[in-house]
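Visitor: Chain order of the listed sequences is D and Z.
Each position in the first sequence, counted from 1, maps to that position plus 4 in the working numbering.
Each position in the second sequence, counted from 1, maps to that position plus 49 in the working numbering.
A portion of the hints provided could be inaccurate.
[Stated by the list, open to error] Taking lysine to any residue pairs in the SDA-like style, the calculated list, with each CA pair at most 20 Å apart, reads:
#1 Z:K336 x D:E62
#2 Z:K336 x D:Q133
#3 D:K198 x Z:Q346
Just so you know, these hints were derived from the structure itself, not from any lab.
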Amino acid sequence: MSVSPNNQSTDQSIHFSTSQHINFSTTQLINYTLHLADNALILGHGNSEWTGHGPVLEQDIAISNIALDLIGQSRYLYQYAADLINQSNNPFPPVSGRPVTEDDLAYLRDVLEFKNCILVEQPNGDWAQTILRQFFFSAYQYFFYEQLKQSSDERLSAIAEKSLKETTYHLRWSGDWVIRLGDGTEDSHSRMLKAIDELWMFTGELFEIAPYDEAALQNGIGVNVKELGVLWKQKVTAVFEEATLPVPQTTTFQKGGKTGIHSEHLGFILAEMQFLQRAYPNSQW
Amino acid sequence: MSVHELETLFQDKVDKEIKIEPKDWMPEKYRKTLIRQISQHAHSEIVGMLPEGNWITRAPSLKRKAALLAKVQDEAGHGLYLYSAAETLGISREEMLEQLHNGTAKYSSIFNYPTLAWADIGAIGWLVDGAAIMNQVPLCRTSFGPYARAMVRVCKEESFHQRQGFEILLTLSKGNEAQQRMAQDAINRWWWPSVMMFGPKDDESPNTLQSMKWKIKRFTNDELRQKFIDVCAEQVKFLGLMLPDADLKWNEERGHYDFGKINWDEFWQVVNGNGPCNKQRLDARRKAHDEGEWVRQAAVAYAEKKKMKATMVAA
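Turn these sequences into a full structure, and let the hints steer you where they fit.
Guide: The structure is reproduced here in structure tokens:
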């Protein structure tokens, strides 16, 4: 019997999908938690590229702080996902013979397994683009956590409660900057317009329901993101109005990240982020 | 009162360990020395963010990533306190940054060395922050009040950073062979530049004597250097690694470690702009500043608009 690489991968995927140890809802809860963790990590990682390069020292500190908050949130979420995986008997192929950790989940999954929205993996661009990306995301995350606090899942509810305080600050900070740049100089205004043009198309995905959203919603665990869209739009409209910026009427068609179909940027982010873990496998750091 | 009388009074205060405050009379040279030293220190914090910042996006675990990010952010905070302390002496942050960008102000040469591997982050924490602490702890008692108070805050955080750095190396030293090699290599590259962080030898350090008299400085460069070497020579044993100095040996008679010859030629080369990353570090600072120009302008423009609206409402 020949063993071609093709056969191997088929075997593996069969093994993965027929695992007897986990039930449907645990898998979806893991995916749901990973999705939230990936959002926070990838955006935090992007923001951290500003550290040491910010436009003014105080804002260098502020954006680094937000990066830290987001990475911190991702850790709570990955730790929870790791616990769920371990309790359900380790269906995480890159790791065997020991419990899965937060780092395995961040560093040993590839692009197609990441579940973050495409918005958060967009490049930093200039300060306007970074600010707008943060504002769009924080406005979403704020309403999201506000509802996730009510989750019947105690861990998620606790994470939401703690994170909401941070997100409230992120939203205020980024909103203030949107206003300042929109209503600042001609140059800053036109940079904001460009940033809107770059990022608006990715905002719709924040409110798309992925299979794990559906499952989490049915179990009283998750948030109905579709409904958040209205609140989000109100917030964005109010801030844009003060910033003298137009709210685009165009469609927000880009999506796929939540189910693993990303933009080309994520591969480069992971290549950099995961380098050491990939180059020196099974090491302690 | 004549200048001479004022100077006597000033020195008297210094001798009695009474802190000099910004509004107090001080000799012009004291003010200038402090501006130079504090701004140089602030610039070192800001430029120092770059070599370590390099590794935030590549840190090998989430815990390390968060810790490194927090550390580099702390350095920005230190820069902020120090710029503020210098501002009390009558120079603006803008002027100090201009001096950094046009090359007239110096910053610690150590940051002109590259961070090539993850272990460098450990070596910087252990050695570079360790050397910085040796320098900075006495500065908590320096004669100028705002500088001393800024240093108290800085030192608390620095010693935390140093432990973190040592712990990174300790983990690597207990790891696999590749990790141990990585740790040793980082120590090899960072040791001598760290030893040089204390500045030229006492007999080639023209400012030391006056600075000691004014109690800006409490120990000489060579005293601090020796103390640093003594401490590191012991600590390295816990790592099971070596300091790259064949002449390093305990001298019973002196009660200190003897050490090998320092390459002063390299020291002056780097001070004078010819280190491996002098150009890259300054370019990165200038780029951040230049590219931030429109942001700062927008913030000012918006603040002015808002002020005008408020005045109109009030009227």
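Visitor: Each of the hints needs a verdict: does it hold here or not?
Guide: These are the hints, each one checked on the structure:
1. Taking the CA atoms of K336 (chain Z) and E62 (chain D), the gap is near 17 Å; set against the 20 Å cutoff, the hint holds.
2. Using a Cα cut-off of 20 Å, the hinted pair K336 (chain Z) and Q133 (chain D) holds, with the two alpha carbons roughly 18 Å apart.
3. Simply put, K198 (chain D) and Q346 (chain Z) have alpha-carbon atoms about 18 Å apart, close enough for the 20 Å limit, and the pair holds.
In terms of the numbered hints stated before, the structure departs from none.
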